[in-house]
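**Student:** Each chain, letter by letter, is given below.
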Amino acid sequence: MTALLETVEVGKSFGSVIALNGVSTVVNAGEVTCVLGDNGAGKSTLIKILAGAHQHDTGEFLIEGRPVRLSSPREALDRGIATVFQDLAVVPLMSVWRNFFLGSEPRRGWGPFSWLDGRTARATTKKALAEMGIDLRNVEQPVGTLSGGERQCVAIARAVHFGAKVLILDEPTAALGVKQAGVVLRYVAQARDRGLGVVLITHNPHHAYPVGDRFLLLKRGRSLGCFDKADISLEELTRQMAGGAELEALEHELRGVQQ
Amino acid sequence: MALAVQGTDERVARVRLADRLVSRPELGSVLGALAVFVFFSVLTDQFLSPMGVANWLDDSSTLGIMAVAVALLMIGGEFDLSAGVMTASTALVTAILATQLGWNTWLALLVSLGFALGVGALNGWLVMRTGLPSFIVTLGTFLALQGLNLGITRLVTGTVQVSGMRDAAGYESAGYLFASTVDIGGTAFPISIVWWVLAAAVGSWVLMRTRFGNWIFAVGGAAPSARAVGVPVVRTKVFLFMTTAFAAWLVGSINILRFTTVQANQGIGLEFQFIIAAVIGGCLLTGGFGSAIGAAIGALIFGMARQGIVFAQWDSDWFQLFLGIMLLAAVLVNNAFRRRAERVRK
Ligand SMILES: Nc1ncnc2c1ncn2[C@@H]1O[C@H](COP(=O)(O)OP(=O)(O)OP(=O)(O)O)[C@@H](O)[C@H]1O
Ligand SMILES: [Mg+2]
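Here the protein sequences line up with chains A and B, keeping their order.
Quick note: the first sequence uses the working numbering, first residue 3, plus one each step.
Quick note: the second sequence uses the working numbering, first residue 104, plus one each step.
For the record, the hints were derived by calculation from the structure and aren't laboratory data.
Just so it is clear, CB atoms sit at the ideal spot from N, CA and C, and this is done for glycine as well.
Hints may be right or wrong, so weigh each one.
[Said to hold, decoys possible] Partner residues aside, some chain B positions facing chain A, computed with beta carbon under 7 Å:
(1) 301
(2) 304
(3) 312
(4) 314
(5) 389
(6) 392
(7) 427
(8) 428
(9) 432
[To be verified] Per label pair, the in silico range of CB-to-CB distance:
(10) A:80 to B:442: 49 to 55 Å
(11) A:135 to B:305: 39 to 45 Å
(12) B:338 to A:224: 34 to 40 Å
(13) A:188 to B:427: 36 to 42 Å
(14) A:222 to B:238: 36 to 42 Å
(15) B:431 to A:15: 44 to 50 Å
(16) A:17 to B:280: 39 to 45 Å
(17) B:238 to A:109: 46 to 52 Å
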């Protein structure tokens, strides 16, 4: 089976800043690849390459076995790769439903005289958000007036709606309540079961471990390894992420404070 | 509704009137237009006479066509300072080709349209390619066109104007489309009013009801986000610059066919009137919000006030004062809206 997405030693630099260096990983259909690492480790940079927002400088990026260089997020979307970016990529002054369908607007009518199918768009938006447990007052309100978590849910619901093959989520649970974080993880599992490849970025090993099949650990732009679930335990994952000994020391310290 | 998600939500209080006011960008301009209309109707007799109405509609029309295009561009997050001079450049190209080279008017119009679209595309391409503010890029185009207008006109005619359009072949038929008048109750209403209404209707439809309109709001509101979800940002903005240039060609054609003479230094300073009309109509200077109808009404306020002041036999200096006050009021109202809508909660 060829992987849906594969990176071979990809690297990316911004001027003199090397954000990513020699990172290899695969995303298979029906599997979840988790990307973990500190702040600034290069996680977002990696998924932006997968999403077409950045182009890699070194190494190879393959989609279904073929080397590609995506020129824009549009190209990724056309190949069925939908992404929730860390900054969410919403337009604050635009209404919820206009944001939801931005770039992939449903239309009626013919050719240059076609118009937006606002009714379908509104109904679909409302339904998609309701399924996430987000019961919006009004899909006409500007996205800028939503709460942080609500905005995140709009971005996630949008990606889930348009992701046909691959779903990429950059810290989707960061601003979410317990219930919504649970819903997002269930979505990840659902997408996986439908045969999509999922890339999940998170700082929380407790979110990553239950749904993940593969764990890519990044540190300062380099890969610490890409582990199959069988090869790594939750404890080990947590230890790796926090820098192992450092966390134990911190735990000690905090206990000391409490006493 | 098929979706029985909810009826009315208990969290939605009665939508307050104030909230509704600020969510309609053109509402301020409608109120302003009403006030100006009532004021001059009461103050002068001519204002409401057929003659007077034709006068201020005429004054508003060419400004309105440009204001609609400039509003779309501003909602898309860009300015075009060359728009005013372009109305003269296009007229000059048409006039020089038709009167100096003896071309058919229609052919001259076609070439001048190509010229306009080329300059618009160049503006857009330069802005997108360099990433510089369009304010500075189009200031460059503005100066360059101004120089070209004067330089070439002087070179070709030896004066600073081109005249004699009336003798050009095809003048009659082209004039019918761009510069004729429609007789209503014995008063001649220029056809440019129809173009103005058409521009407002098409602009508004595109903005609110089409995919491209969605893209305009998005590229003006948050271009990186728009790109991230697959909106062709560069194409959208270049197209908006070309739309503005097209509007300038339309106005230039209306002017040259109507007056049959064009001054090489015409159009300078008009670019700010277009922007002012768009702002009065509810466009934010920061992009991402505004209205095409509002801009058309902004132009109407302009026309009514300018002609009303003439009817009232006041000194035209008062028009500038009025303009300043209108602009300040509009900016304050728009700003209040932006604070409400753009309040991105953390
Ligand atoms: N456009 C850019 N220009 C310059 N440097 C960049 C750019 N994007 C990312 N970087 C740098 O690359 C490094 C990796 O950034 P990245 O956003 O991928 O980190 P991250 O792992 O997603 O961090 P976080 O967990 O905080 O989201 C950082 O040091 C950052 O400063
Ligand atoms: Mg990140």
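**Student:** A closest beta-carbon separation below 7 Å is what the hint needs, so does residue 389 of chain B meet it against chain A?
**Tutor:** Not OK, violated: residue 389 of chain B not within 7 Å of chain A, min 9 Å.
**Student:** Could you tell me whether the CB distance from residue 222 of chain A to residue 238 of chain B stays inside 36 to 42 Å?
**Tutor:** Since the Cβ atoms of residue 222 of chain A and residue 238 of chain B sit about 40 Å apart, the hinted range of 36 to 42 Å holds.
**Student:** Holds or violated: is there a CB of chain A closer than 7 Å to the CB of residue 427 of chain B?
**Tutor:** Interface hint status for residue 427 of chain B: violated (27 Å vs cutoff 7 Å).
**Student:** Can the hint on residue 304 of chain B be confirmed by a CB-to-CB distance to chain A that is less than 7 Å?
**Tutor:** Since the shortest Cβ distance to chain A is 14 Å, the answer is violated.
**Student:** Residue 432 of chain B was flagged as interface toward chain A. Is the shortest Cβ-Cβ separation under 7 Å?
**Tutor:** Violated, because the Cβ-Cβ distance from residue 432 of chain B to chain A comes to roughly 21 Å (cut-off 7 Å).
**Student:** Hint says 34 to 40 Å; check whether the CB-CB distance for residue 338 of chain B and residue 224 of chain A agrees.
**Tutor:** 38 Å, holds
**Student:** With respect to the beta-carbon atoms only, verify the hint that residue 431 of chain B and residue 15 of chain A lie 44 to 50 Å apart.
**Tutor:** 48 Å, holds
**Student:** At a threshold of 7 Å, is the proposed contact between residue 312 of chain B and chain A supported by beta-carbon distances?
**Tutor:** 5 Å, holds
**Student:** Taking 39 to 45 Å as the hint, is the beta-carbon distance of residue 17 of chain A and residue 280 of chain B inside that range?
**Tutor:** Violated, at about 55 Å.
**Student:** Is the interface hint for residue 428 of chain B satisfied, with its Cβ closer than 7 Å to some Cβ of chain A?
**Tutor:** Violated - the Cβ of residue 428 of chain B stays beyond 7 Å from chain A, reaching only about 27 Å at its closest.
**Student:** Do residue 238 of chain B and residue 109 of chain A keep their Cβ atoms within the hinted range of 46 to 52 Å?
**Tutor:** For residue 238 of chain B and residue 109 of chain A the Cβ distance comes to about 34 Å; the hint is violated.
**Student:** If you check the beta carbons of residue 135 of chain A and residue 305 of chain B, does the distance land in 39 to 45 Å?
**Tutor:** Holds, at about 42 Å.
Of the numbered hints stated above, those contradicted by the structure are hints 1, 2, 5, 7, 8, 9, 10, 13, 16, 17, listed in ascending order.
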